[in-house]
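Novice: Residue numbers (our numbering), protein chains in the order written: chain A, 856 to 1053; chain B, 250 to 455.
Hints are supplied without guarantee of correctness; some may be wrong.
Claimed, not checked - Derived BS3-like pairs (lysine-lysine); straight-line CA-CA distance at most 27 angstroms: (1) A:K987 to B:K348; (2) B:K348 to A:K963; (3) B:K314 to A:K961; (4) B:K451 to A:K964; (5) A:K963 to A:K953; (6) A:K893 to A:K1024; (7) A:K893 to A:K963; (8) A:K961 to A:K1024; (9) B:K314 to A:K953; (10) A:K893 to A:K987; (11) A:K1021 to A:K893; (12) B:K348 to A:K1024; (13) A:K1024 to A:K964; (14) A:K953 to A:K964; (15) B:K314 to A:K957.
Worth flagging that the hints you see were computed from the coordinates, not collected in a lab.
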Amino acid sequence: MSNVFARIVSLAMISVFTQNAIFDRAFGANVAIYASRKDAHVVGFSIAITIMTTLASIISYQFDGLLLPLPYGDLLMPLVYVGIISLLYVIGLLILWKGFPKTFYKVKKYAHLAIFNCAVFGALFLNSTFGKGFAGYVGYGFGTGIGFFFACFLLNIANDRLSSEKIPKIFRGYPIMMIYIGILSLAFNVLVGYTADF
Amino acid sequence: MTAENKKSHINADGLFRQNIVLMSGLVTAPIIVAATTLQRALVLTLSFFAISYFSILICRFIPRKIVYTVRILLYTIVAAALFIPTVIGLRYLFPDTTKEVMLYIELTVVNSLILAKTESRFYLEPYGRMAVDVLIYIAGYAMAAFAAGFVREILSYGTVFGFHVCEPIVPSAKSPFFGFILVGIFAALCRAAAGRRVSSRKERGK
């Protein structure tokens, strides 16, 4: 049991620091930039993405074992993952609608942005390639969500400065944010001494 | 309708002013991480075209009466179904490159052109104009992909479409951090070019 827990924690740490969804793979970079503009969005998006990547990883583990060994099984995976995430999305919205109607009306406009994005889908595809065993899937899925929060937080604290008058007009906002993420990504690469092939 | 009026209906916003990679940043991951050579850029563009264009054309027929939550699910299901023939075709044409960028082709299924732009722009236009408009947006994506692929291939490998041109100058240009910085610089240049176009149009108007 302690071995399983240790594996979950170590894979979660890997996906937060060494293979951060945003800094290492650019998964959901656009969503992170959008979410980082408001404190409430950082928390809301991160919670939604963490819950979704963890639960979807648990379910996808079963399907990966069945479908990936089949010839051309990999071609069906996007369809399967869309099905899993759609199911969780609808269940999540129904729970919010019935249990927390005020929150439901607040989040329904951008709930799909937090769910149908590269960070969530990318975690599942990476799990199918690198995830080993149930604990690996859970750890990687959970870590992707926490890594998203970590990245979003780093973007959020720089947001005001990067939108200030001191930045040349053509760089203000999105362009300087990309350069800032690039520098953070470089720092992570140097810190870890590792880089993904692509 | 005169020819001049017809011409004014074709809006080239998607190419520069609302470029989905460089201006709105709706689809960035494939360009930042995977577009490290021109061949990869070509494969990414073809997959983006095949999945997004046909998904948008097909999903137009999904009734607007269906609630937004369910429509979004249907859009992704159609895109995931189109992924299958797209990858079979790409594996036949570019087996090695397709394998290298497979992760980012898979992620095309949930790109924001299908999930966001359809509702905010494309499905508010007549069908014919929408078909052209989507093509222009995809051309904007292709432009960004090829520009990034060209710069990174020449810097990191010293080649252009695989042909040797010079010695590699910056091998780390194929890293994601360089991709972020390059897209940021391209975005600023694109913004400057779009701003100049608008101001020259205003001057002509005076």
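Novice: If you check each hint against the structure, which ones fail?
Specialist: Per hint list: 2, 4, 8, 10, 12, 13 violated.
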